[in-house]
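> For the record, the sequence lines run as chains V and R. Heads up, the first sequence is in this note's numbering, so the first residue is 1 and it goes up one at a time. Heads up, the second sequence is in this note's numbering, so the first residue is 1 and it goes up one at a time.
Simulated from the structure, these hints should not be mistaken for lab results. Be a bit skeptical, because a hint or two may be false.
Dumping the calculated SDA-like pairs for lysine to any residue here, alpha-carbon to alpha-carbon at most 25 Å [to be verified]: (1) V:226 / V:118; (2) V:67 / R:50; (3) V:234 / V:192; (4) R:127 / V:226; (5) R:108 / V:95; (6) V:30 / R:135; (7) R:51 / V:177; (8) R:127 / V:92; (9) V:43 / R:53; (10) V:67 / R:54; (11) R:43 / V:52; (12) R:131 / R:33; (13) V:51 / R:2; (14) R:127 / V:212; (15) R:67 / R:127; (16) V:132 / R:135; (17) V:30 / R:108; (18) V:30 / R:154; (19) R:131 / V:93; (20) R:2 / V:52; (21) V:23 / V:198; (22) V:67 / R:53; (23) V:127 / V:198; (24) R:30 / R:185; (25) R:131 / V:33; (26) V:108 / R:66; (27) V:30 / R:151; (28) V:131 / R:92; (29) V:127 / R:131; (30) V:51 / R:43; (31) V:57 / R:53; (32) R:30 / V:151; (33) V:108 / V:23; (34) V:43 / V:2; (35) R:108 / R:93.
Using C-beta positions, here's what the derived DEER-type ranges look like [claimed, not checked]: (36) V:129 / R:124: 34 to 40 Å; (37) R:124 / V:1: 43 to 49 Å; (38) R:212 / V:118: 54 to 60 Å; (39) R:220 / V:174: 50 to 56 Å; (40) R:18 / V:60: 32 to 38 Å.
We treat Cβ as the ideally placed atom computed from N, Cα and C, and that holds for glycine.
2 protein chains.
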Amino acid sequence: MKNRLSIVKIGGNIIENSQELSKFLRLFAKMDTPKILVHGGGKKANQLLEKMGIPPKMVNGRRITDKATLDVVVMTYAGLTNTNIVAQLQALGCNALGLSGADANSIKAHKRPVKDIDYGFAGDVDKVDGKKIGSLLDIGFVPVFCALTHDGNGQLLNTNADTIAAELAGQLSTQYETLLYYCFEKNGVLESISDESSVIDQIDTDAYAILLKKGIINDGMLPKIKNCFTALEKGAREVRIGNTNLFQNENTNYTTLVL
Amino acid sequence: MKNRLSIVKIGGNIIENSQELSKFLRLFAKMDTPKILVHGGGKKANQLLEKMGIPPKMVNGRRITDKATLDVVVMTYAGLTNTNIVAQLQALGCNALGLSGADANSIKAHKRPVKDIDYGFAGDVDKVDGKKIGSLLDIGFVPVFCALTHDGNGQLLNTNADTIAAELAGQLSTQYETLLYYCFEKNGVLESISDESSVIDQIDTDAYAILLKKGIINDGMLPKIKNCFTALEKGAREVRIGNTNLFQNENTNYTTLVL
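Please construct the entire structure, taking both the sequences and the accompanying hints into account.
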């Protein structure tokens, strides 16, 4: 029987709110090991770009990562956010180890090919090294991933944190019974975006098609749910979307994704 | 018999020169394992502080790390510099793993007590966790430390990279036969600062006292040599100061420190 591994991804809105982040980290620190945390970037990068006089470049809600922007993204994601989260987890007795995809060669990616849009130094994941990550889990470390990968030729790449979480869950499912939790500021996928009580209990691929058709799943949720299905297809045992109470036993208010 | 462990520290002037850094990293990647890299910060933090309109605060050549400065130091040391060095080493086939002292709870420190000067979030090292670092070395990782520690209560602290290298060498000498190399822009400790050929072959504590008296060891070199003696006192097998060719077999031009 495989060991159970929990992978938790937290979004930018949680990271930006220091009280919410503290609350989340206390819950995460109490979770059974093995476990992995993946965090997004939040608005810190944009704030720093602004302070430095570099206008953030976005197309269809996606960041265009030119060289100057990449440097700022690396500074905030791998520097400020990751290192502070690790220090806070250590204070809670959780043996955290901060990682980008370059560390331990854990996540290799390639620069997204230019079609209509040149996303710059944005990376699409090629390979998660489950063996190396497993070796860190085996000796009791709790990997904390930021949303950066590398191309194996020395180039760092900005990579969506939801995708990193899904790719980790997919690859590590060969070694573990993997549970994937997407924590964000809502209680789950909502029927009505303004009604926090309208959480959809379960979404399978058929329901997904219907929700898409009805326009209930919007731009921000679309790639997240695609990532959920990717993880499930690659063998993740369970995938949930919800708030920071998502992985508490007493919580029953979240969305479960199933194939 | 203990295994041999090399600990190499590189200074800011190497980091700032991308050609020098590449050359150094190629040499470092070829070194036998186990090995550890420790890097300083360089001027990137000051440049970023300037861009953000935060004046760098220095007293007697030492940085005063207020909260805004600490954030910038964390962004540049743990973010930009560390993550890019790791990506470059991975491209050279060296299985690098970037660490601050918070990662794996590897280096705990306390905020420097206020006497005449309040250094802010500057940390003096209390404890290196040789067991945790050893567990990373055992499974083939090459730790790359930036100049940051933590206090165990969630606070990151700016810590001198020379000191971190010396403390690592000292603690790890209980497990390994430890060689400590301080690489910087000069060929070694020089009799005459303007004459690169005036490298002093060997400095023991008696010679150190004489050099101090003569004023040959200046402000920048003083704490570095103190750190060398600390490492030796704590059991380091060999400590050398020199340029980036320091650990090459054919190189004989460097300063060796002995007790």
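> State the violated hints by number, sorted upward, taking the hints as numbered earlier in the document.
3, 4, 7, 13, 14, 20, 23, 26, 29, 33, 34 and 35
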